[in-house]
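Enquirer: Listed below, chain by chain, are the residues.
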Amino acid sequence: MRLRPPNNPVHPRATTWWRLQDAGFYLVVLVVAAGALFWVSTAWLVGVVAVIVVVGAVDIVVTPPIRYRKHRWEVTDQAVYVRTGFFVEDWRVAPLSRVQTVDTKRGPLQQWLGLSTVTITTASTAGELKIKGLERGFAAELVEQLTAATEATPGDAT
Amino acid sequence: MTGASPADTAVQGTVAQPEWQQLDRRSIWVAPVQPLAGLLLAGLVAITFRGWDRFGVIEPAIGAAVAIGVFALSAWHWRTTRYRITPTHVEMTSGMLVRKHRSVARDRLRSVDLTSDVVHRLAGLSVVAIGTGRQGGESDDELKLDSVTTEEAERLRRLLLDRGSRAPAVAVADPGGPAEPAPLARFEASWVKLAPLSIMGLVALAVLAGGAAQLARSVGGDEIWRSGPVRGAWDWVVATPILTVVIGGLVGLLVLNAVLSTVLYVLFYGGYTLVRADDGTLRISYGLLTQRSVSIEERRIRGVRMDEPLMLQLGRGARLRVVAAGLGTKDGEGKEKKDSDMLLPTAPAAVAHRVTADVLGTPTSPVGAPMRRHPVAALRILLLQGVSLALVPAAVLLMLALVGLVPHWIWQVLLLLVVPAVVGAWLEYRNLGHARVGEFLVAQGGPAGRHTVAVRTDGIIAWQFRRTVFQRRPRVLTAIAAVAAGKGTQTIKYALQDDVLPVARDCVPGLLDPFLEPDHP
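Sequences listed follow chains D and H, in order. The first sequence begins at 1 in the working numbering and counts up by one. The second sequence begins at 1 in the working numbering and counts up by one.
Chain D extracted, bound-state conformation:
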């Protein structure tokens, strides 16, 4: 027996988003390393910079598509089901009757790309589900649908 992958992928533009995020990270690291290189130019520091460039380039090219393939989600009339991660795979299932809040969040990059992250929380500090990189309008619809579904169940969801 095993967990099947959820049905839906996120928006393909999420790949671009993650790519830009990674690029930003490596850029910062590179600027710091290059700054150090400017003051103390030793051979091994040049090596470090070269390694950062190579690792960064490979990471930016290779990982976002893998992340896109692994990050999938599904909402049935009973539950929300999300999976993420490659090195550490992570599946989360929460029944709609136990959902407490549904939020969307957009960072500056996501705003520019027209993407949203939907966060679904339950009464436990641990049971939080995140669907990252949905198309903005679609995310808004999903939130509405989920909110309606959770309002349909009475009680304080503990």
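Since the hints were derived computationally from the structure, they do not count as laboratory data. Mixed in with the good hints, there may be bad ones.
[To be verified] Label-pair restraints from in silico Cβ distances:
#	chain 1	residue 1	chain 2	residue 2	range
1	H	498	D	21	36 to 44 angstroms
2	H	89	D	104	27 to 35 angstroms
3	D	107	H	93	38 to 46 angstroms
4	H	510	D	140	24 to 32 angstroms
5	H	514	D	103	20 to 28 angstroms
6	H	66	D	55	56 to 64 angstroms
[Unchecked claim] Listed next, the in silico DSSO-like pairs over lysine-lysine satisfying Cα-Cα at most 30 angstroms (straight line):
#	chain 1	residue 1	chain 2	residue 2
7	D	130	D	105
8	H	193	H	144
9	D	70	D	105
10	H	100	H	487
11	D	130	H	487
12	H	487	D	105
[Said to hold, decoys possible] Which stretches of chain H does chain D cover? Using the computed rule of at least three CB atoms under 8 angstroms from a CB of chain D, they are:
#	segment
13	462-476
14	500-513
Just so you know, even glycine gets a beta-carbon here, dropped at the ideal spot from N, CA and C.
Please arrange chain H on chain D, whose structure you already have, making use of the hints.
Expert: Chain H alone, transformed into the frame defined by chain D:
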């Protein structure tokens, strides 16, 4: 003082809101006693080591000013704090400069915790902490009344935890009357035999040592260092062979721990009783010096957690905690609360199992059921993690040695860390297990000491599953059940996928079925 009689609150809406009440006036004097006692102690120690003659006028003046200030603040706190219990809410306003008004719906109250230390008891006062259902965040929500008379505290407890037919129940309930039901468990002298196996004494010693070190710094370390007893001890250490010192020190610590633990155990938990009250609450009372009495609404209890620390396993002893919604582990100011969820102090495992079965209403104790053990692959994972972590210091020092900064023997000695890592991995592997017992999911684990948690399956509000790429082939899966109680999650670590997925599926009917598939469709 007593503004609202219970009869007022029973008739909803028709009566005006009950009047605001104040804390007991004596709390002005009682509340600051403990912090001031610490100050006094510091002063005394300073005097002993420095002698009277070296004190000027300034130090005592500062001390007196602080004392007056503390009492003034306490008086101000008493003046500005008001509380009332309306038919629907508990309200409290307090504040010195910033006024704080807090209001909590009464049907959100989960527990009432009465504490009174020696000073409060002499004055006939109790501190009332009212726990609400909020989970997580920096601090769990709590209203704290420091302090009211013990009778008022009892009245509040009965009033606040009484559900439904409010007025008659209050009228019937006879305070401390002979109708007290028989306790589910009661402190027994034979439990004290297990106390030396706990490390309560060592913990207390560490706290004392920390305090002493701080004191020594503020008093002037040199003078303590030069004093007689310290010199004597140092001379003995220098004069005796190292092995004797180490063994002597260890034996001394063990003996000290055994004695201290026993004394503390009796002082803390003496007089322990666990009572199922007729208003649907469990009441846990204990303590010889500081008396504590915690009432937990039974409806909110999701399960029980049994802890068996390594040493305690030698004596077949265990401790119990209750897993309940709204039993915060932190107080209103975000400080750790101690023992707020304690169900049973260190006691024989047989007693722990009996109490568990009684509290959960099961024929046998779920935490004592036979567990499904986890595959050998789990041991491999634990070994890999432990050993690679243990090798890090050796690797770092090996590199430093290769550069020539440190001698080579250091990393060779550090390789010995692998031994405790292997033992640790084996101990943890031995603890791993899970089971489904009736309506309870039981998860067992723990790095060295074992803890076993049984939670009601209808309390599970979400499932999470995790595995790393390396765990894919050995089919190992970590399952985490989210529960709106206790610390929020129960983890079944490194179980066999084919064992744990059906168990998880059966816990919450219909939830996981659509997302599971056979391996070869």
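Enquirer: Taking only the CA atoms, is the gap from residue 130/D to residue 487/H under or equal to 30 angstroms?
Expert: holds (21 angstroms)
Enquirer: Would the pair residue 70/D and residue 105/D pass a check requiring their Cα atoms to be no farther apart than 30 angstroms?
Expert: holds (21 angstroms)
Enquirer: Given the hint of 24 to 32 angstroms, check if residue 510/H and residue 140/D actually sit that far apart at their C-beta atoms.
Expert: Once the Cβ atoms are compared, 29 angstroms apart, the range 24 to 32 angstroms for residue 140/D and residue 510/H holds.
Enquirer: What's the verdict on residue 130/D and residue 105/D, does the C-alpha distance respect the 30 angstroms limit or exceed it?
Expert: holds (10 angstroms)
Enquirer: Would you check the hint for residue 100/H and residue 487/H, treating anything up to 30 angstroms between C-alpha atoms as holding?
Expert: Holds. Residue 100/H to residue 487/H sits at ~28 angstroms (cutoff 30 angstroms).
Enquirer: Just to make sure I understand the rule, a stretch counts as covered if three or more of its residues have a C-beta closer than 8 angstroms to a C-beta of the chain. Does the segment 462-476 of chain H meet that for chain D?
Expert: It holds: at least three residues are needed, and the segment 462-476 of chain H offers 9 whose Cβ sits within less than 8 angstroms of chain D.
Enquirer: Do the beta carbons of residue 498/H and residue 21/D sit within 36 to 44 angstroms of each other?
Expert: About 37 angstroms separates the Cβ atoms of residue 498/H and residue 21/D, which means 36 to 44 angstroms holds.
Enquirer: Has the segment 500-513 of chain H got at least three residues whose CB is nearer than 8 angstroms to a CB belonging to chain D?
Expert: Coverage by chain D holds for the segment 500-513 of chain H (6 residues, Cβ < 8 angstroms).
Enquirer: Between the beta carbons of residue 514/H and residue 103/D, is the distance compatible with 20 to 28 angstroms?
Expert: Check passed, 25 angstroms falls within 20 to 28 angstroms.
Enquirer: Tell me if the straight-line CA distance from residue 487/H to residue 105/D falls inside 30 angstroms.
Expert: Holds. Residue 487/H to residue 105/D sits at ~27 angstroms (cutoff 30 angstroms).
Enquirer: Could you see if the CB distance from residue 107/D to residue 93/H stays within 38 to 46 angstroms?
Expert: holds (40 angstroms)
Enquirer: In this structure, is the beta-carbon distance linking residue 89/H and residue 104/D contained in 27 to 35 angstroms?
Expert: 33 angstroms Cβ-Cβ, so the 27 to 35 angstroms window holds.
Violated hint for the displayed structure: number 8, the only one.
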